[in-house]
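Just so you know, the protein sequences line up as chains B and Z, in that order.
Our numbering puts the first residue of the first sequence at 436, with every later residue one more than the last.
Our numbering puts the first residue of the second sequence at 3, with every later residue one more than the last.
Simulated from the structure, these hints should not be mistaken for lab results.
All residues carry an ideal CB built from backbone N, CA and C; glycine is no exception.
Treat the hints with caution; some may be incorrect.
As the list claims (entries may be wrong) - Result set (BS3-like, lysine-lysine): computed pairs, CA atoms no more than 25 angstroms apart in a straight line:
1. K513(B) with K503(B)
2. K61(Z) with K112(Z)
3. K112(Z) with K503(B)
4. K102(Z) with K459(B)
5. K513(B) with K459(B)
6. K102(Z) with K72(Z)
7. K102(Z) with K58(Z)
8. K513(B) with K102(Z)
9. K112(Z) with K58(Z)
Claimed, not checked - Computed list of chain B residues with no C-beta within reach of chain Z, every gap over 12 angstroms:
10. V447
11. T448
12. T455
13. S462
14. G477
15. S508
16. P519
17. V548
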Amino acid sequence: DAGVIQSPRHEVTEMGQEVTLRCKPISGHDYLFWYRQTMMRGLELLIYFNNNVPIDDSGMPEDRFSAKMPNASFSTLKIQPSEPRDSAVYFCASRRDRFYGYTFGSGTRLTVV
Amino acid sequence: TQLLEQSPQFLSIQEGENLTVYCNSSSVFSSLQWYRQEPGEGPVLLVTVVTGGEVKKLKRLTFQFGDARKDSSLHITAAQPGDTGLYLCAGAGITGGGNKLTFGTGTQLKVEL
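Please model the entire structure based on the sequences and the hints provided.
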C-alpha cells in the first residue's frame, strides 16, 4: 500500500492567494483527518470525515478554510485568501475505524509570504 | 478542551542511557496512542493502550497507561541514535466514538553516540 499521499510537499504562495492541498487516503479507510502542525500550537485537528461526510469542523480556524471529500479516495483543504499566519505543515491522516491508529501522510509545508 | 502535557519538552542523552517521557492530562481518555515523528515526515504510530494500568512493550520501548486513564509514560531502555525523533502522545476522547485525537505538546529526543 502506498500509504496516505499528500500533494504538494511544499507550497510557497503570496498573501491573498488561494491555496489547495490534496490528500489521497489509504483505500478502505473510512475516516480522514486534516491536521495542522506549528511550533507554537503543535498538532491541531482541523476537520474530519467519516465515509466522505464531514463530521466535525470545529477546528477550522475561520471561514477562509474549507475542506471537501467528493469521494472515498480524495480530499482537499482550501485556504482562500491565504495569510502569513496560515504558514504551517498540514497533515492528512486516515484510519480504518476507531479501533485503529492513524496513518499520516508526509505533510504539505505551506509558506505564505 | 482536553489538554495533554508532555515532559520533558527536550531531552538530549548519550547512547545506552535510559529515559522516560511523561504524558499527563486532567481528562480521562478512552485510549491513548504514542507516535514518533521524524523531520519532514508525518507521525508514525508506535502503540495504542486502552485499559487503565495496561503495559505494552515494543522491543526496548515500554508504554504504560495510568490506572485512571489520565496519564501515560514511555520508557526507553538503552537508547540508540535511531530513537531520535519527536515523541507525541495522543488521547482519544470518551465521547464522539473516540474519533478525535488530542495530541500532546511533544518531546524532542536526541540520542548521541
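Checklist entry - So which hints don't hold here, by number, going up? => result 3 and 14
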